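*Asks:* Could you build the full structure based on these sequences and the hints that come with them?
Spelled out, the chains give:
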Amino acid sequence: MLEIKNLHVEVENTKILKGIDLSVKPGEVHAIMGPNGSGKSTLAQAISGRDTYDVTNGEIIYLGKDLLDMEPDERAREGVFMAFQYPVEIPGVTNSYFLKTGLNEIRKHQGLEPLDAMDFLKHIKEKAKLLDINTDMLNRSVNEGFSGGEKKRNEILQMAVLEPKLAILDETDSGLDIDALRIVADGVNRLRTKDRAIIVVTHYQRLLNYIVPDHVHIMLEGKLVKSGDKKLAMELEEKGYDQIKEEYSSVKAKLEETV
Amino acid sequence: MSNSTEKEQLQAEVTQEEKKIHKAKKKVTEKDTLEALGNREYKWGFYTDIEQEYAAPGLNEDVVRFISMKKKEPEWMLEWRLRAFRNWQKMKEPTWVNVKYPPIDYQSQRYYAAPKTDDDRPKSLDEVDPELIKTYEKLGIPLEEQKMLAGVAVDAVFDSVSVATTFKEKLAEEGIIFCSMSEAVHNHPDLVKKYLGSVVPYNDNFFAALNSAVFSDGSFVYVPKGVRCPMELSTYFRINSENTGQFERTLIVAEDSSYVSYLEGCTAPKRDTHQLHAAVVELVALDNAEIKYSTVQNWYPGDKDGKGGIYNFVTKRGKCAGVNSKISWTQVETGSAITWKYPSVVLQGDNSIGEFYSVALTMNHQQADTGTKMIHLGNNTKSTIVSKGIAGGVSQNSYRGLVKVMKKAKNARNFSQCDSLLLGDRCGAHTFPYVEVNNTSSQVEHEATTSKIGEDQIFYLNQRGISTEDAVSIIVNGFAKEVFRELPMEFAVEAQKLLGVSLEGSVG
Ligand SMILES: Nc1ncnc2c1ncn2[C@@H]1O[C@H](COP(=O)(O)OP(=O)(O)OP(=O)(O)O)[C@@H](O)[C@H]1O
Ligand SMILES: [Mg+2]
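First to last, the sequence lines map onto chains X and H.
The opening residue of the first sequence carries number 20 in our numbering; numbering runs sequentially from there.
The opening residue of the second sequence carries number 608 in our numbering; numbering runs sequentially from there.
Hint data in this document are derived by calculation from the structure and do not stem from the laboratory.
Computed from a prediction, not measured in an experiment: that's the story for all the values here.
Cβ atoms here follow ideal geometry from the backbone N, Cα and C, with glycine treated the same way.
Treat the hints with caution; some may be incorrect.
Unchecked claim - Computed, partial: chain X to chain H, Cβ under 8 Å:
| no. | residue |
| --- | --- |
| 1 | G111 |
| 2 | Q177 |
| 3 | L181 |
Claimed, not checked - With a cut-off of at most 27 Å between alpha-carbon atoms, the simulated DSS-like pairs for lysine-lysine come out as follows:
| no. | chain 1 | residue 1 | chain 2 | residue 2 |
| --- | --- | --- | --- | --- |
| 4 | X | K144 | H | K1088 |
| 5 | H | K1059 | X | K170 |
| 6 | H | K1088 | H | K1059 |
| 7 | X | K37 | X | K258 |
| 8 | X | K37 | H | K614 |
| 9 | H | K980 | H | K800 |
| 10 | X | K141 | H | K1088 |
| 11 | X | K184 | X | K249 |
| 12 | X | K84 | H | K614 |
| 13 | X | K24 | H | K614 |
| 14 | H | K1088 | X | K170 |
| 15 | X | K213 | X | K250 |
*Replies:* Next comes the structure, spelled out in structure tokens:
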């Protein structure tokens, strides 16, 4: 479903991602972990097509198409969804209007009729109920004055409503209390289907107790340096990044010697 | 290195280069969409080829007499015009405005243009030139009553004259007078004499004096005591002729305990030369009366290089003459090369209320200097100002407002909020709030913000499948929402479309 090869990304002429390879199949859940500033969000933004993230090398193939050739809104209509680490406020625009516009764009792209106000309301209420999310949020301006936890729940609600094929959750678990964490994790698990792939970026092994990943990758200094199954996350929890950093730097040193 | 790998490498480099070029191009298009709002085609720019009657270019007492003669005006009206003209000659064009334009040659303009008719102006729609009916239909304003929006009566002003007024009879049943200013001068001289110039005197300012001398037509509304006007009244102003100024004059009088909601709309053909529009609007609200005045101003703004467009110099003022009266101005200003207008309220009656809600959008080379004046004279008077300025291209958008509390006005209150939204780096937003408080029991609050449309906001909407163009519209719409809410329903839709803004659904 998603094939990332040798991806290099720069932000304002600083190299951030230095050769990422990642392969994600439908139905899989991948977790990406790594210390602050290692490039996790950069990867998420590059997949979604944010303009300020310059892809200088490599490729991203999504469902057989060159993702880098598409505008961010085209990518979204093709089923790529990102839950933002820092959701953006849009004053004066209600959440439900925003979501209805997005959903109908995606439906149009799929050749479906747009949902009218009533049908949309039904659709969104269903999803909110499924996720145990309060619908009061729908009539408020997008993320304006939302608490940190509300913003994150709103991202999950959006994912549920838009029904993407590939979802990237960038630290959706950060800043959530334990109940909210369960709501978000349950929501993700309900949306876990055999056709949908999910990439979860997180700092906490705790989340992976709820959302059990098929693969875990560790990002260090712009590279995925280690991959494994859920045991890798537990190992990481125990030993911290230092050991991996050490391993990584010794490998790097060896590499440099041989060159 | 073998030949084939070298080739592959070259190929890879070429692909990478191509991608870079593609990306650079993409960036340019994204930037363009931000400005596309202003570059949208001006749909109302056509010209109606119809036989017209003109005054010779230039302005002198003879021209004033000619206009008055053409309108078969009584002596008192001509005298009033001449007084205004003599005053105007002694006045200077204001220079404090934050707009730039080359000096206007008042002698090269025409001050009167009217579609030629055999006789007086038409009495019924059957007698209106079909070309004119077609023109208004093209503008989306059908004049045949059965085709009209239910509940909206229209006065259609074409260059210097009113060509048709609909639903007149129906309104007359309630005692409401809705007719052109010219008709009012003939048929309701006592009301006109009593109220014309009572809010904006003929020597009020340079442009108001000019208007008083040469005003052509406009609407007159009179709502009698205790009557709630059953429909929206609206006037649609159209400038058609070249090098002709439009100087309309509108007067609305709401007697005790009456209510009226009025809307004006305006368009003009596309032309390379600038055209002058200097209107005066006067509102009078007596005891417990309420007037709601809305404007959707869409005069031709000029092309993207700043060529052509209307110079819009307008004096609008309402007087809350009676106790508990209320005057509310709502304006959506998207057109004109230059806008200079400050719809104001004189809060004379105790407990009276003045409101001003404004959205001003400037794109390309447009310049707007607009705002309001709230003059508190009576006790417990209250005013609210909500101004939303949106600037793109290389436009300049200024809010200028005055809140003045007179010595005798006890417990006056004002709340002002002025927000500016910038689309891009080359435009400017400015706020000039003036406050003069002469009574210590008053309470005046002012809030102002300036923000730039965020790349992060646009990307957030993009990421949910929404195109950049729609994203900009949605963000602008959200920004201006508080003002749109104040417009009558039918016009809110039109106004939002005008901004290239999709209508926000009414879910919930
Ligand atoms: N827009 C930007 N401008 C400048 N530097 C940036 C920008 N975005 C990211 N960076 C830099 O790129 C590096 C990687 O950032 P990124 O946000 O991808 O890290 P992260 O792994 O998501 O970290 P965290 O766990 O703290 O969220 C950091 O050094 C960051 O400062
Ligand atoms: Mg991050």
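*Asks:* Restraint: X:G111 near chain H, CB-CB cut 8 Å. Satisfied or not?
*Replies:* 3 Å, holds
*Asks:* Does the structure keep H:K1088 and H:K1059 at a Cα separation of 27 Å or less?
*Replies:* 17 Å, holds
*Asks:* Hey, does the X:L181 contact hint survive, CB to chain H under 8 Å?
*Replies:* Cβ of X:L181 sits 7 Å from chain H, so the hint holds.
*Asks:* Check the hint pairing X:K144 with H:K1088 against an upper bound of 27 Å on the C-alpha distance.
*Replies:* This hinted pair holds, its Cα atoms lying about 25 Å apart.
*Asks:* Would the hint on X:Q177 stand, with a C-beta cut-off of 8 Å toward chain H?
*Replies:* 7 Å, holds
*Asks:* Sort out whether H:K614 lies within 27 Å of X:K24, counting only the CA atoms.
*Replies:* Distance of about 20 Å is within 27 Å: holds.
*Asks:* Going straight from one Cα to the other, do H:K980 and H:K800 come out at no more than 27 Å?
*Replies:* 26 Å, holds
*Asks:* Within 27 Å, alpha carbon to alpha carbon, are H:K1059 and X:K170?
*Replies:* With a Cα-Cα distance of about 22 Å, the restraint between H:K1059 and X:K170 holds, given a limit of 27 Å.
*Asks:* Does the structure keep X:K184 and X:K249 at a Cα separation of 27 Å or less?
*Replies:* OK: X:K184 and X:K249 at ~23 Å, within 27 Å.
*Asks:* If you draw a straight line from the CA of X:K141 to the CA of H:K1088, is it 27 Å or shorter?
*Replies:* 25 Å, holds
*Asks:* Straight-line Cα separation of X:K37 and H:K614 no greater than 27 Å?
*Replies:* 24 Å, holds
*Asks:* Measure nothing beyond the straight line between the CA atoms of X:K37 and X:K258; if it is 27 Å or shorter, mark the hint as holding.
*Replies:* 25 Å, holds
Violated hints are absent here; each numbered hint is respected by the structure.
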